[in-house]
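Trainee: Construct all of the structure, not just a fragment, from the sequences and the given hints.
Here is what each chain is made of, one letter per residue.
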Amino acid sequence: MRTSQPNFFVPFDRAGIDPFRQRFAVTLRLEGTVRGTGGVHLVDETCATTVSGLYAAGDAATRQLVCGGFTGGGSHNAAWAMSSGFWAGAGAADYASQIRRASSSSLAYSSGGIALHDGGAAELDPANLVRAVQDEVLPYTKNYFRSAEGLGDALERLDGHWREVRLAGASSADNVVKAREAAAMLATSRWMYRSALARTESRGMHRRDDLARSIRHSAIT
Amino acid sequence: MIEFVSEARCITCNKCVQICPMNVFSAVKNAPPVIARQEDCQTCFICELYCPVDALYVAPDADHVSQVSEQRVIADGLLGSYRQNGWAIAVGADRPMDQSFRLGND
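Quick mapping for you: the protein sequence lines, in order, are chains A and B.
Take 1 as the starting number for the first sequence in the working numbering and just add one per residue.
Take 1 as the starting number for the second sequence in the working numbering and just add one per residue.
Be aware that one or more of the hints could be misleading.
[Unchecked claim] Residues from chain A shown here face chain B by an in silico Cβ test under 7 Å; the list is partial: (1) Pro6; (2) Val10; (3) Ala15; (4) Arg101; (5) Ala173; (6) Asn175.
Think of the hints as simulated: they come from the structure by calculation, not from any bench.
For glycine and all other residues, C-beta sits at the position ideal for the given N, C-alpha and C.
Mentor: Below, the structure written as structure tokens:
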């Protein structure tokens, strides 16, 4: 094992643990949204999405095409990261060159608002917002053992945070990247729970405690 | 979590500053970079992997600072052990079971 997976043992060596002889604590790190539980739906072999000009790759894209409803880490995931990135990049480049040919004066508009535009209220605190999102997505009782009731309750609070941060002031230059990252986490958490509500099945990593396990019905979210 | 930048070993190439996905380091003119945002470290070991002189040490505890000393890490033979285990080509060439190091070859 040390020969084929040497990096796996570095943390054990540094912690002074012999994993072959000693017991050690294990923590379940729930990813919550990527890999077997979600990802943006792809419509063709260029990794295009249902939004014109938007291409998705890696963990952001559905893994259903390579792994069905379930996946872990490892070779097929690394292969998917590289191949989907290659296809999506080529697709986006083709799209951009076609747009350029079609119009010599196409304009791009920025659509992001949170922490960029002054919403009138105080500047948002990225660390606070990250904690608020984690409070809803990290607990296994909400995100691993999923139910319509639990997902709905979490969404109510997440939607409340969204309404609040829409009113935040523009962040300072030092803070704006972290603020945008925190806002992206909040947006993703709302998408993943809305997808989980729409996905009325139990399959792969997505388990709805209020719905029987099923392999007949499937929905790509 | 990132524990230290060895001032004795650092050649101030600032590769760690550029490669860290969480922007943990800040470059300092004519001096080794500083760990400016230690709490943002996600223990991904990428900085160790890119450091050409093994001047960085990431402890395995992702949630808390371990406050391990550079002398201790060197004495235990752990400085640079992430890079040496499976990534360095000199090591990889002697490991017939895993040829993935060839992905990094030009």
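Trainee: Confirm or reject each hint.
Mentor: Consistency of the hints with the structure:
Checking Pro6/A against chain B by beta carbon gives a least distance of about 4 Å; that is within 7 Å, so the hint holds. Below 7 Å, beta-carbon pairs count as interface contacts, and Val10/A has one with chain B at about 5 Å; its hint therefore holds. With a cut of 7 Å, the hint placing Ala15/A at the interface with chain B holds, because the nearest CB-to-CB distance is about 5 Å. Because the smallest distance between the Cβ of Arg101/A and any Cβ of chain B comes to about 35 Å, over 7 Å, the interface hint for this residue is violated.
For Ala173/A, the interface hint is violated, since its Cβ never comes within 7 Å of a Cβ in chain B; the closest pair sits about 13 Å apart. Hint status for Asn175/A relative to chain B: violated, with the closest Cβ pair at about 12 Å, above 7 Å.
Violated hints for the displayed structure, listed by number in ascending order: 4, 5, 6.
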